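**Student:** This is what each chain is made of:
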Amino acid sequence: MKQIWVISKRELQSFFDSLTAYIMLIAFLGFSGFFTWLFGSDVFFVKQASLQAFFGVAYWTLFFFIPALTMRQFAEENKTGTIELLLTRPVNDWQVVLGKFLATLLLIVIALLFTLPYYITVSSLGEVDHGAVISGYLGLILMSAAYISIGIFTSSISNNQIIGFLLALAIGIMFQFLFSFIASGAGGFVSEVLAFLSISTHFESISRGVIDSKDIIFFLSLIFMGLVSTEAVLQKNRT
Amino acid sequence: MDIVVENLTKIYGNQRAVDNISFRVKAGEVLGFLGPNGAGKTTTMKAITTYLIPNQGDVKVGDYSIHKNPEEIKKIIGYLPESNPLYQEMPIIDYLKFVAELQGIEKSKIREKILEMVEICGLEGEKHKKIGELSKGYKQRVGLAQALIHDPEVLILDEPTSGLDPNQIVEIRELIKKIGRRKTVILSSHILAEVEATCDRIMIINRGKIVADGTAEELRRHAQGKEILRVTIEDGTSNDIFGKLKEIQSVEMVDIINQNANIFEVQSKVEQSSKRAVFKMCVSNHWTLTEMHSVETKLEDIFRELTLS
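Each protein sequence line maps, in turn, to chains A and B.
The first sequence begins at 1488 in the numbering used here and counts up one residue at a time.
The second sequence begins at 3 in the numbering used here and counts up one residue at a time.
Please keep in mind that the hints were generated in silico from the structure rather than gathered at the bench.
Be aware that a few hints might be false.
Unchecked claim - Okay, derived cross-link-like pairs now, DSSO-like style, lysine-lysine, Cα gap no bigger than 27 Å in a straight line:
| no. | chain 1 | residue 1 | chain 2 | residue 2 |
| --- | --- | --- | --- | --- |
| 1 | B | Lys129 | A | Lys1723 |
| 2 | B | Lys228 | B | Lys179 |
| 3 | A | Lys1496 | B | Lys111 |
| 4 | A | Lys1566 | B | Lys132 |
| 5 | B | Lys77 | A | Lys1496 |
| 6 | A | Lys1496 | B | Lys131 |
| 7 | A | Lys1566 | B | Lys129 |
| 8 | B | Lys132 | A | Lys1496 |
| 9 | B | Lys111 | A | Lys1723 |
| 10 | A | Lys1489 | B | Lys28 |
| 11 | B | Lys129 | B | Lys179 |
| 12 | B | Lys282 | A | Lys1489 |
| 13 | A | Lys1496 | B | Lys109 |
| 14 | B | Lys132 | A | Lys1489 |
| 15 | B | Lys77 | B | Lys129 |
Owing to the predicted nature of the structure, the values given are computational and were not obtained by experimental measurement.
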């Protein structure tokens, strides 16, 4: 556990040292603030004291930002060879994978913490469904974790950050809307399977305030799959 | 702590990078790995550090096996990879702290350890710089510092002086000698003089196999079964001298090195010496022997002979 934290700390530090973290935070707060308060179906337009608008925007912003955060996590180490020095320390592959995963997740949580003023403001405007807000945040964290594990995996398979980014985005697009899009047209059994695989289906149900074990299991298994695949890639690179 | 390599084989595609090699490095010994590029030096070293998983065979460091107890081995090994990969954006101190924490050094001792490394590796003036801002020589010192910070019993150094200027090479060599006294060290190089200067024992590998193993002296003696003399003889024509030299009983072969200056190389038969005979020949023919010395087989020659065949 200590080793995981040591690795996470360094990763997080490098996000801040390279300004990636600041750019990500500013852009995320800018986008989500703009669409929550000023433009489109914002809080004032729908005339409801709810954070639904924010969750919708954050859902898409995070979808694009997370691959940009994860793309260098393994690709850079593969390219410079530092992965070799890291894996010859008294750590195992899992600790490395989890350390990197946690670092990015922590950065996302920090970003979400900065949006708490939105919640406070909205709740001063009217009666807020607190349960829906909490489950909305939970949904964002779960879907971020899923995309982080996918992003870490795509970053690990090559030493090229761009490949890591694009591949993560390509896989992400399927979960983000392609599956649900096809599901709505297909019908029958295929449609049911695809609908279940779609992150948007699960995210919507969670962000509406319904925390179903089915949704939680879906996200957890997606995260698990991403991390297991990453570990498998690390293992394979050493044989 | 002894390092025992047993029947190690590593195959890439259909090429045997390391082909069933076995050897033992005794505790406290400094072993030099020599070989042309692609001979299997790096692969063998990576297997010892537990990074590469071999197709066959085992490596034991002390009582630990790379298959069964990799975590234990990682604790007692210090490793400097060939390209010296470092996190360029990190300041030296932060990086050493990160390494110290990963190696499980007690929190209260980390600061002290870092300062010790900074001093030993001569990083005092640069310690607050980012690694990416350092010159190659200083990066190499950081590479050594990270390998040494947990006071490992075993050191694996893959081409520790490659790419450095002559002064830096001397400094790094001195450093390795200094720290290698109490440790088991394996270092690879393709500079023969370096291995000879720093190592107790030399091992030459070629195409994944060990082709020579021993001290520099032993390797020389082994290759030098035959005496080779270089002689300069004046007052005679080179053809006459050449003919007379060949007539000497113990001489196997004569080479004319320089016809005008009458310089020859005389190779004797196995276990025989021609020194006295050459001198007597000169006297009886009224020639003047102005130079005679035995040519020592250079490590370079041994190396070439072993790795070009």
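**Student:** All the hints need checking, so say for each whether the structure fits it.
**Tutor:** Taking the hints in turn, this is what the structure says about them:
1. B/Lys129 - A/Lys1723: 37 Å, violated
2. B/Lys228 - B/Lys179: Not OK: B/Lys228 and B/Lys179 at ~34 Å, beyond 27 Å, violated.
3. A/Lys1496 - B/Lys111: 19 Å, holds
4. A/Lys1566 - B/Lys132: It holds: about 19 Å lies between the C-alpha atoms, which stays within 27 Å.
5. B/Lys77 - A/Lys1496: 21 Å, holds
6. A/Lys1496 - B/Lys131: Distance of about 20 Å is within 27 Å: holds.
7. A/Lys1566 - B/Lys129: 25 Å, holds
8. B/Lys132 - A/Lys1496: 18 Å, holds
9. B/Lys111 - A/Lys1723: Violated - the C-alpha atoms of A/Lys1723 and B/Lys111 are around 36 Å apart, more than 27 Å.
10. A/Lys1489 - B/Lys28: Violated - the C-alpha atoms of B/Lys28 and A/Lys1489 are around 34 Å apart, more than 27 Å.
11. B/Lys129 - B/Lys179: 23 Å, holds
12. B/Lys282 - A/Lys1489: 80 Å, violated
13. A/Lys1496 - B/Lys109: This hinted pair holds, its Cα atoms lying about 15 Å apart.
14. B/Lys132 - A/Lys1489: 26 Å, holds
15. B/Lys77 - B/Lys129: Holds. B/Lys77 to B/Lys129 sits at ~25 Å (cutoff 27 Å).
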